[in-house]
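> Residue numbers (the numbering used here), protein chains in the order written: chain A, 1 to 289; chain B, 290 to 446; chain C, 447 to 723.
Check before you lean on any hint, since a few could be wrong.
Per the computed footprint, the stretches of chain A lying under chain B, defined by three or more beta-carbons under 8 Å from a beta-carbon of chain B, are [claimed, not checked]:
no.	segment
1	201-215
2	239-246
3	255-261
These are calculated hints, taken from the structure and not from any lab test. Keep in mind it's a predicted model, so treat the numbers as computed, not measured. Idealized CB from N, CA, C, for every residue including glycine.
Now for the letters of each chain:
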Amino acid sequence: MNKILFLLIIFSTISFSQESNSAKSLNLFSPQNIKKFADYLFCQHDYIRASIEYEDFLKSGYNDTAAFKVGMANLEMGNFSIASKKFSNISKISVFYNISKLEYLRANFRTGNFNYYRNLYESENLNRDYKYFFEARELYNFSYLFSDITLPQKKNFLSSFTKEEQPRLNQFYDWKINPPYKNPVTAALLSTVIPGLGKIYTQNYSDGIFAFITVGLLGYLAYSDFHANHNFRGWLFSALGAGFYGGNIYGSAASAQIYNAKISFQFFNDLKNYLEDHNYFVPLINFCK
Amino acid sequence: MENKFNALIFSLLIIFLFPFAIFAQSENSKWGKADYSYQMPDKFEHRDYNFKEKNPGRFILKSFLNAYWYFISDVDGDNCSFDPTCSHFFLLSVKETNIVQGSLMFFDRFTRDMDIFGKINRYPFSSNGHYYDPPSLYMLKKDSIKYIPPSIIVKNE
Amino acid sequence: MKSIFFILIFFAIGPEIFSQGVLEKQFNYAKKLYNEENYFDSITEFKRLLFFDSTGKYKYTADNYIGDAYKAGSKFSNAIIYYTLAEINAQNFNDLFKAKINIIRVNILRRTTNRALQLLDSLNNDRRFLSEKKEIYYWKGWTYIFADEWHKASETFALTDSNKTLQELCEKVDKEKYSVIFAQIISHFIPGSGQFYTGNYLSGILSLAWNGLWGYLAVKAFIDNRIFDGFMITNFLWLRFYNGNLQNSKNFTEEKNLKIVNKALKYLQYDYVGAKP
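Could you put together the complete structure from these sequences and hints?
Put into structure tokens, the structure is as follows:
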């Protein structure tokens, strides 16, 4: 009987402790279980839900991993301003402090407000002791290519990039200093001399040829009608010819402006593709191995 | 036999499921019940024949355009490869600038319409399949130029 | 001895019973959110249930509810993913069939009707679902409605025997619709006749007048041996208005048909009482 009682006490103690553990795990909304679920959602790329769960978890007490992951979730969703705020709140004593600073700067870069981003970078006063100094400095110098302000000295600019990257950055720098724009006045003047030439200058070749043919044909029709004493037709074709001639001069100037907008667009696209291809924004920590 | 069959179905479904996962709609914010409709969208363009122009010069211009649209343009079919059409482009150009500049923009637009070779490499597409070419690109104001690369489909407002 | 035995059993399986109670509570909570149309949060709670449900007891039901919630938010691709997961986790043929039908319904709603028809055909050929023919035909009819094939929809509903309302509606729409081919054929012979057919009389008169005018001038130019003038009038004026007449006959017909079809679709969405996609 005593032996049975002894076994009973041992068994009930074990099962009660199991029950108390599983009682803890049975509460789906306990802080630990909220975090487990949030981690799962994060790795499933359900970032909005992960972010909401982590915020819920953080109400029970500060946790730097969760706070950092909220920032990362917002980054993945493209909420760069919110991500920036989350990263800036990471505690200085946290293991995530250094990487949060880098992600904070990256998030501000990605908002597209490059002047503000550069002010933030400069106010951080980063030095070589900072673990991600080179990554941060690369991005800082790169941001100049997106803005319309004076670029730093070429030597200083290129020195912040690796040797493999320097040739391409050199090309970007040269383009920025001296973009191959077309001059609208030149385009207009060329079309004044020969209808359509201004459009050919701005690389709208078929446009230029059709403009030349149209103005030429109308001019010829006007001349031949006047010659044949068909005065009404002569004036009609003259007026149309003058209209197309003036329109072509105007259109050549406009096409130069559009050409310049086009090559700027292509340049910024190349910059963005370069950043993506060279993994400038890839997360440095993989939480979901 | 059935277990093997189910395993085959399972693996085939996973193979087909994976591309669905790639194309799953991303959720970037909380959303609520959607109001989707069974009805088919109205893809037909409807002209704006209104006479609401305060400026007498523009009122006359709009009257002529309304008459042109009703008696000629709506009868001779869809001949302009652009969106907005040349006549509509003329109206918008005059509204944004003045009659002289608007006329020059129109003549240039007409010339570009005649170019049968270069359009596909130059203009983006509108949702109605025409080439998207708004007057804002041609007002000689750098800031109003929003360049869109060719072959992109622009969603009209 | 026996009592000790039962006490030991109780302590062994007690925690398991408690956890099942918690999951059921979570399921009911998620379902309540769904019923309140709080779809985003209901999906979160069903996902939470699935995460903690180690036995997989709720897999099919929760996946189905998640699919329903995504569908209600018109996130159709996500809905299909979860209905497909429900299909994988179906425990019996009834559940499997329901999951497959849900996928078909979402394909109908997003108008990927070819895919819906493919899936319906595979269901029709599946011997496991021989008893479900009427339901398969019912959804096939709906697929044809959304594919704008009202005649086929009417024929398909006739096979269900029971759905006279839908069969008659589809027949009515099919009869009311104008024939695009007929409008184009008559417009080839008499410019403007296609517009008359659809009731656009003024446009028809204008088309006839312009074609008449340019046709007369072109023929007169050729008769007077002004070949160049005749060619220019034919090519730049007469042909332009003739093609315009053909375009308009097609467009007006399609526009009129769109109004007829949308009226029927509006009725089906808001007034028809019965299973809908």
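> All hints, please: hold or fail.
Here is how each hint holds up against the structure:
A stretch counts as covered by a chain when three or more of its residues have a beta carbon under 8 Å from one of that chain; for the segment 201-215 of chain A and chain B the count is 7, and the coverage holds. Chain B is given as covering the segment 239-246 of chain A, and this holds because 3 residues of the stretch bring a CB closer than 8 Å to a CB of that chain, at least three being needed. With 4 residues carrying a beta carbon less than 8 Å from a beta carbon of chain B, the segment 255-261 of chain A meets the three-residue requirement, and the given coverage holds.
Checked against the numbered hints above, the structure violates none of them.
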